[in-house]
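K.L.:
Given next are the chains, with one letter for each unit.
2 protein chains.
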Amino acid sequence: MTAEERHRERMQRKKELVDRKIARATIDRGVLVVNTGNGKGKSSSGFGMLARSLGHGFHCGVVQFIKGTFSTGEEAFFRRFAGDQLDYHVMGEGFTWETQDKARDIAAAQAAWTVAANMLADPAYDFVLLDELNIALVKQYIQLDQVLAALAARPPRQHVVITGRGAPDGLVAVADTVTEMRVVKHAFDAGIKAQKGVEL
Amino acid sequence: MTAEERHRERMQRKKELVDRKIARATIDRGVLVVNTGNGKGKSSSGFGMLARSLGHGFHCGVVQFIKGTFSTGEEAFFRRFAGDQLDYHVMGEGFTWETQDKARDIAAAQAAWTVAANMLADPAYDFVLLDELNIALVKQYIQLDQVLAALAARPPRQHVVITGRGAPDGLVAVADTVTEMRVVKHAFDAGIKAQKGVEL
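Those sequence lines, one after another, are chains F and U.
Numbering-wise (numbering that gives the first Met the number 0), the first sequence opens with residue 0 and increments by one.
Numbering-wise (numbering that gives the first Met the number 0), the second sequence opens with residue 0 and increments by one.
Hints are computed from structural coordinates only; laboratory data are not their basis.
Hints may contain errors.
If several chains are the same, the list does not tell them apart, and a pair holds so long as it fits within one copy or across any two.
Calculated lysine-lysine pairs in the BS3-like style (CA-CA distance at most 30 Å, straight line) [to be verified]: (1) 66 / 20; (2) 66 / 14; (3) 184 / 13; (4) 13 / 195; (5) 14 / 192; (6) 192 / 13; (7) 195 / 138; (8) 14 / 101; (9) 66 / 101; (10) 101 / 20; (11) 66 / 184; (12) 138 / 14; (13) 13 / 66; (14) 195 / 66; (15) 138 / 13; (16) 138 / 66; (17) 138 / 184; (18) 20 / 138; (19) 138 / 101; (20) 192 / 138; (21) 66 / 192.
Okay, chain F solo, but in the shape it has when bound:
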């Protein structure tokens, strides 16, 4: 048997295994995805899934629970589609150490949650991204029970992506896919500024 034939035979066996695993995955419904951990990629992965969803012609909703100090690239980009295929809301205040006003932070988080809860109750939305919601949950600016109830009652085909550090255990328990973004290294720690197109 030649090397090519051996490769082909090995790959044929692998294909059978993969095909069998794919054939077993028969459930077809909306999924809840949670991106957490301290590493880079939680929000950007959420925005990548938003791009995929828009590519499929889905009607999408975005609520950003933490507003940066300046307009970011994803907002500038996705706002081009706002109103048509996409409802895009930048709702929260800045980070708590920027506002230094807890009452204002709580009010902003709860206003953002009201918008998000309306999306989760509306079957017109195929895909909903709740960016940095975990931050508001960790700080208990929004009650986890409320969020879990809204997620459980959402339309069965609706996909939801929730991002942010410190995803609560109760949220992880009900999610379908959970990724921990682990820092191997980060440019910032080597003295490199946050870069447009990468972080901003």
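Could you slot chain U onto chain F? The hints should help.
P.N.:
Relative to chain F, chain U alone:
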């Protein structure tokens, strides 16, 4: 001191720490980002950074080293911008167990690398996404030394994002930001099909 005053004081101290850390990050240049690990989010995070870059008006290049068996949402979406702000190439063959032809896989990977290397040599590109390049490196369809040389010689302002499982140590060593996407759980393992807008 009231609870609000205590909160404000604590946040003021935190703000000083954060501001000091930001002030220390003074280096301003193109960064190399690597998304690896077995979890979800490697490619989608790359596409989220692509959206950010397009939002800033950057000229962007994408090479996908693994072609799926059917057109995915991100391709349908970002192709809208092709030619204008974006050069988008889906170059590789399917997964090795689909083609079962190693010579064809190697030829496809090397053709994709030729396109990628031209982008890395061209200062017109502000942002380059090399999706699933790590797969081709792990299989040694493309030589790591070639890739490291092209990365080292690239224009100093150019951002590069490389995705895929099993990033080689040599690549991790020269990268600025590396995230390991760790699986906490995945819908597929619970029998849920890959979903449009999430995986596809």
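K.L.:
Using 30 Å as the alpha-carbon threshold, which applies to residue 14 and residue 192: within, between, both, or neither?
P.N.:
between (45 Å within a copy, 17 Å between copies)
K.L.:
At most 30 Å between alpha carbons: which applies to residue 195 and residue 66, within, between, both or neither?
P.N.:
both (16 Å within a copy, 28 Å between copies)
K.L.:
Classify it for me, residue 184 with residue 13: is the Cα-Cα distance of at most 30 Å met within a copy, between copies, both or neither?
P.N.:
Close across copies (23 Å), not inside one copy (33 Å); limit 30 Å.
K.L.:
With identical chains treated as interchangeable, where does the CA-CA distance between residue 138 and residue 184 reach 30 Å or less: within a copy, between copies, both, or neither?
P.N.:
For residue 138 and residue 184, both the intra-copy (26 Å) and inter-copy (24 Å) Cα distances are at most 30 Å.
K.L.:
Reference check for the pair residue 13 and residue 66, CA-CA at most 30 Å: within, between, both, or neither?
P.N.:
between (46 Å within a copy, 18 Å between copies)
K.L.:
Is it within, between, both or neither when you check residue 138 against residue 66 at 30 Å Cα-Cα?
P.N.:
For residue 138 and residue 66, only the intra-copy Cα distance (16 Å) is at most 30 Å; the inter-copy one is 42 Å.
K.L.:
My question is about residue 66 and residue 14: at a cut-off of 30 Å on alpha-carbon distance, are they close within one copy, between copies, both, or neither?
P.N.:
between (46 Å within a copy, 16 Å between copies)
K.L.:
For residue 14 vs residue 101, is the C-alpha pair at or below 30 Å within one copy, between two copies, both, or neither?
P.N.:
between (55 Å within a copy, 14 Å between copies)
K.L.:
Taking 30 Å as the upper bound on the Cα-Cα distance, should residue 101 and residue 20 be classified as within, between, both, or neither?
P.N.:
between (49 Å within a copy, 23 Å between copies)
K.L.:
How would you classify residue 66 and residue 192 at a CA-CA limit of 30 Å: within, between, both, or neither?
P.N.:
Classified as within: same-chain Cα gap 19 Å, cross-chain 34 Å, threshold 30 Å.
K.L.:
Could you figure out if residue 192 and residue 13 sit no more than 30 Å apart (CA to CA) within one copy, between two copies, both or neither?
P.N.:
between (44 Å within a copy, 19 Å between copies)
K.L.:
Between residue 13 and residue 195, at a C-alpha cutoff of 30 Å, which is it: within one copy, between copies, both, or neither?
P.N.:
So residue 13 and residue 195 pass the 30 Å test across copies only (24 Å; inside, 41 Å).
In this structure, every one of the numbered hints holds.
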